[in-house]
Amino acid sequence: MRTTTRDLSKTRFTARLCRAATAGALALLAAGAFAAWAGSTSGSANAAAAPKSITVAWASKMDALDPDIGFANQALSAFHLIGGNLYEIRANGKTVPGLAQRGAASANGLKWTFHLRAGLRFSDGTPLTSADVKATIDRAKADKSNGYAGLFAPIASVTAPDAQTAVFNLSRKYPSLPTILAEPEFLIMPKAGLAKGKSFFSAPISAGPYKLVSWGGGNDSSYALNTHYWGPKPVVSEIRYATIADFNSRLSQLQSGQIDAAVDLPPSVLKQLGSGDKVHAQVVSVYGFASLNMWLGKPPLNNVNVRKAISLAIDRGRIVKDVWNGQIKAMSSFWPPSMTGFDKNSSIARDVAGAKKLLAGTPCANGCTLKMQYTDSYAASEQSALIIQSNLNEIGIKTQLVKLENGIWFNNMYNGKYQLSVSNLYDYANVPDGMIAYGVLKDGGLNANYSGWNSAAAAKLSQTAIVSSGAARAAALAGINKAFLKDQPFATLTTYGVVFASRLDKSLVSLTPAEFIEVKRQGT
Amino acid sequence: MRSNDLATTSPARSLVAPVRRAIAGRSRWYVRVILQLGQAVVVGFAVVSVAFFLVRLVPGDPARTILGPRGSPEAIAALRHAMHLDGPILSGYRSYLWQLLHADLGSSIIQNGRSVSGIIGDGLPVTLALIAGTVIISLAVAIPLGLLAALSRRKLVDQTARATLVTLLAMPPFFLGLLLILLIALRLDLLPAGGWGDGWPDNLRYVILPSVALSGYLMPLIARTVRQVALDTVREEFIEAAVARGLRRRTIVLRHVLPNSLLPVLTLLGLNLGSLIAGAVVVESVFGLPGVGSSLVQAVSARDYPLIQGIAVVSALFVVFGNVLADMLYVVVDPRTRRG
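Top to bottom, those sequences are chains V and P. If you're matching positions, the first sequence starts at 1 in this note's numbering and goes up one per residue. If you're matching positions, the second sequence starts at 1 in this note's numbering and goes up one per residue.
Take these hints with a grain of salt, some might be off.
What the hints assert, rightly or not - Below, simulated EDC-like cross-link-like pairs (lysine to aspartate or glutamate); rule was C-alpha separation at most 16 Å, straight line:
1) K144/V with E74/P
2) K141/V with D189/P
3) K278/V with D189/P
4) K134/V with D162/V
5) K191/V with E238/V
No lab work stands behind these hints: they were computed from the structure.
Extracted from the complex, chain V is given alone in its bound form (with noise of 0.2 Å):
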């Protein structure tokens, strides 16, 4: 452009531009503030006088609100919040009478009785019978696409001789039924919504401390106290559950104040957040474990040597520092301290020389290679990859990493199409009965932990563990572990941890080893 008396780009006119370029930013600017100074960022500091409401976030939403196909934990914990069962598991652990005052089981242990309370009113109002309870399992028995069709399997029938008595009829002993009906999917629903189909499950109706307020399908759910609940009211009047998948958004929201806790956060926010934050991270241990997995259908992996060795190479105590900054603890045998059956004799120590001494003989003697596939859907999984195949690597074994999508993930471990994969098992209460039925047993619906592991020593002892009680459950359950070392078909490493963090104070809510949220009651 030639230059004239009036050239456009003369000192004047840039310096307007200027000014209407910063005029511009500075109206994007005011109209933030504007928006920040019309709303305000909700906060709860941290008290002990319990708030009218809470919000909670999970990682996944809420799948289903029918107990049958409801597997999300968010859809698990809106169960414990909604649910009346017979039992109740407390925070502790304990598993405590419920809907039913008292319960027992008959001498030749096949036939349970329970009574129910007085009184009882569903959050409708509605009274609550045994003939409710009666309704409950017979739809859940009847329902073909059931995902704890193995649960319901021991119940025969169920008969309501009157309206405060239940009697369950069982197939075989089954001790562990009181626990089994405190788990969320055994939650009593009335006979008269449960005759409406499946649209009842779009608002479901209980006997729990709360009941539902909202869902809609979505990713936000609320809850309200059940004004004709039974028990100690929680302190707590309304709880939201939002999903948040992104855990850098469920973090940031969280110590922004925009929500109150957050379930399923990584390992790695225990050291991100300092003493002087006003959020607080906890793991809690879970009953179950963390595991590298091998599939036994295919060299060299199907060497019981190979499995030992690898199971010994492994640094436990560095991924119990490292990744979850000595928050939960290490193990090798197959029941978690949290459980009974634990053998605390097992050995937890590492031995690189015994490990190499083991793999003698072997196809991997002189070396070998193995692909490690994990998915970031669970917690930690790739951190504790990269220790154990930096562990694998000291007695020859190299491991590639294939980080994987959820769903292949999963396809896989289910195919026995990987070799070695860090996972995960757990249960909803300390029975031996999911434990069993997943870890142990080839037909037990995960081909033993996805190993193929087939034992029938195991698969003799899981029976007589399921249906005995006291020293006999005792002696069967550390059989298993006993064989579970023998043949090693998988390596437990610690046991599961699941990091809660929240703004609250720890005696007002909280999340128990089953991963449910629990509010403080009144009077407790």
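Go by the hints and put chain P onto chain V.
Using the frame of chain V, we list chain P on its own:
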């Protein structure tokens, strides 16, 4: 073709000439729009087909995903049957196409039978608000910045502007988003760290940071385009003539330089709609926005086939119609394009 030929041709043949002119680019603008709408239908059909078959090729079973490790083979089979996933794939495809013809996107197989259109309807306003906010912020900042960089006599101003734009362009939206959360939300407590409000105008404060994060990608593109076109325009003879006629600088910039700079911006916006949608998926995750992007991520993870297909179709149609809108705005800004 001579004009008197029209009197002797059939109605079908009378359409040939306008279509030929449209194809040759010498058509009226409304014929082009009609052709683009037709193109939208073809694109939608192609996207539906590709999404339907591709998503079923990915390993993973929705029934197994729902029931998880606890699902027995019998329960999984029963749930697959209830979800109509156990029939032949071609018959499923035909059923789906028939549903689409009745404007029915189907029901989510993961979210308790909720309609796909309902799920998308819940999330679409959030995503559209995010994209609109991004475009507004990008235009409001990029156009003055581009003009400033082009018209400033001081090289430092131009160089600083260009360096800033390159830096912004190099930053992925999720990184910029995390920085904004850390500084604006957590340190300064000016705006929320994420989530969504209960309605407008409360939603305004939730959309600002995500829009700024996403505009970090679009703004530099617009600013650089405006800068380049402005530099080319001011060298034109008509600008010299305007200066010689004694027009004020502001008039010349606003009436001549700016409109010429906007034309490529419209094209740029149209071409980048797809990238904006992809960026919105990431930003929605970072800020926990309940938009269509978040629904898509969850649907892919859970193998919710109808929801994945529905979102793919809606996104594709959005991009196509967005380009149609850009073409129509082009005509408004430059009337010369009304006739080819």
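Going down the list of hints, with the structure as the test:
1. A hinted pair counts as satisfied when its Cα atoms are at most 16 Å apart, and K144/V with E74/P qualifies at roughly 7 Å.
2. The hinted pair formed by K141/V and D189/P fails the criterion: a straight-line CA distance of about 53 Å is larger than 16 Å.
3. This hinted pair checks out: K278/V and D189/P have alpha carbons roughly 14 Å apart, not beyond 16 Å.
4. This hinted pair checks out: K134/V and D162/V have alpha carbons roughly 11 Å apart, not beyond 16 Å.
5. The straight-line distance between the Cα atoms of K191/V and E238/V is roughly 27 Å, outside the 16 Å bound, and the hint therefore fails.
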